[in-house]
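Engineer: From first to last, the protein sequence lines stand for chains C and P. Mapping to the working numbering: the first sequence position 113 is 113, numbers consecutive. Mapping to the working numbering: the second sequence position 79 is 79, numbers consecutive.
Possibly wrong hints are sitting among the right ones.
To be verified - Sample of chain C residues facing chain P (criterion: CB under 10 Å; computed from the structure):
| hint | residue |
| --- | --- |
| 1 | M104 |
| 2 | G107 |
| 3 | C110 |
| 4 | I120 |
| 5 | V124 |
| 6 | N135 |
| 7 | F247 |
| 8 | I262 |
| 9 | T300 |
| 10 | L304 |
Since the hints were derived computationally from the structure, they do not count as laboratory data. None of the values given here were measured: they were computed from a predicted structure. We treat Cβ as the ideally placed atom computed from N, Cα and C, and that holds for glycine.
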Amino acid sequence: MDKTFARRRRRDLITALGLAVIAALVPLFVSDVYVQNIMVLTLMYAALSQSWNILSGYCGQISLGHALYFGLGAYTTALLFTKFGVLPWFGMIAGGLISAGIAMALGYPCFRLRGHYFVIATIVIAETALLLFQNWDWAGAALGIDIPVRHDSWLTFQFTRSKLPYFYFALALAAVAWLVTFWLEDSKWSYWWRAVRDNPEAAESLGVVVFNSKMGAAAVSAFLTAVGGSFYAQFVSYIDPESVMGFQFSLLMALPAVVGGIGTLWGPVLGAVILIPLTELTRSYIGGSGRGVDLIVYGTLIVLISLARPQGLVGLFAPGRKGTAR
Amino acid sequence: MTAATIFQSLASGLLMGLLYGLIAVGLALIFGLMDVVNFAHGEFLMIAMYATFFLFAYLALDPLLAAPLVAAALLVFGAIVYLLIVRFAVRAKANAGMVQIFSTFGLAIVMRGLAQFFFTPDYRSVTHSWLGGKTVSIAGIFLPVPQLAGALVSIAAFAGLYFFINRTDFGRALEATREDAGAVALVGIDKNKVFALGWGLGAALVGLAGAVMAMFFYIYPDVGASFALIAYVTVALGGFGSVFGAFAGGILVGLVEASTALILPPSLKSVGIYAVYLLVVFIRPRGLFGSI
């Protein structure tokens, strides 16, 4: 381990700690529920995009079907709670484990596919799950599940009077996703993934077990995404297939990382901080007319950023430091 | 389920499949030429349908007459999209794959937003056309005439495309550029011009599809999204880059969709398409006719 790398990691950790403390203090000064709502969503997408980034950025397997894991997390928690009275905390773990298991089961055939064949397979699998959930009567079919709100409590993870508990959980989630990525960056996995992403044949010949390292990335990524989905179900307390498993979620998870810097530690956080407030604000201030101005603004931004800074915006904030992605 | 219902659905599936092929072929052509997947392909279809609708609404032009005009307009549009966006996207030095996906996807979002802004989210339809609502009966099987016309347009377009690629100078330049873009520059072919025309041609083909579809489909800002996924699956099934693969893939998708609707509830008809896609690529990761 060379010195600059060690110093960089120490600086990253201190920066993260500082940001987390600042973020934790913000709600003390912001009491507006609308703004708090945006902050919760920003943290949630930072966490989701960070999870997506593990598989698609670091390991290079571009998934546009992560809505599947998000939806599975949301549904597992909601179904276990409404049908069997299982507390959401257990549902969250169960959803994560189920998603990780399914990600590996799907990875088994899918990781043989390359390029666009893989991307389309991920879309198609998530869409199939969406259609199946829309037709699954026991799980509420297209109408979805209304999670009954009993009383505010950390035990059932429901809060009707204040958004603050959700805020702190989302902050914790974003922190965990960041820490997992941080830890992975210095593990053997990160080196394997870089090799797999940049040149799978060479990696294979050097003894990297390409297939297993993809499976590992998929499992971690799916687990964290599903926990995000569980959180979202509790946060909105009503879910239906389209609103937790729709294709737009797969994109919303990918975009912060793409805008911030794919395959980088800070890219997803930066991207989420820029994109989510912007989306929410344009939607409420100019999109309310239903005339699509918010889409025009959002789409233009994505085109411009991806053309002007293909490596993401993160490089603007830390000159001289390159993302690991190609 | 009688034999007659089975034949009836397979026949409609075949017609729809030929149309899916026509929707998808532009995507296959562009991919074959320069390895780029246009994630705004569905939105190209959407604006073609709107163009057809407005030619009908303001000039009382029948979609069949509008089709060549719409195709010509899309040709220009496709070339412009290449020159303004894609040309820069393929130059990206970092994250090339991502930049292609998200620059064209951003364009798709903008186009959807513009359609909502100018045309409102209302559902439109071409209320009467020469062929609309008519059916013919062939050997006891009833076929809607607009879909039949669409299928014939598709076959004609594929035949024309085959002739174009194999028999004209530009077609040869297209083939040569797809084989080796660097080498064609040495013999004095402007790569950018070929790519721009390739995008124009791809867009014109989906324009043709849009004009035909306007006869029997509702037109709204999000209409492209549902067909785009089918188009990607069609192209991937046939094998990325293969024009013939898109034709075969389209027919296969249409037939699978119709057969699935016979067995499963209609809301699940796409599941059959997705399952066949996965099955095919798991066995043949290059699609049916794709080369390495």
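Engineer: Tell me the hint numbers this structure goes against, listed in increasing order.
Structural biologist: 1, 2
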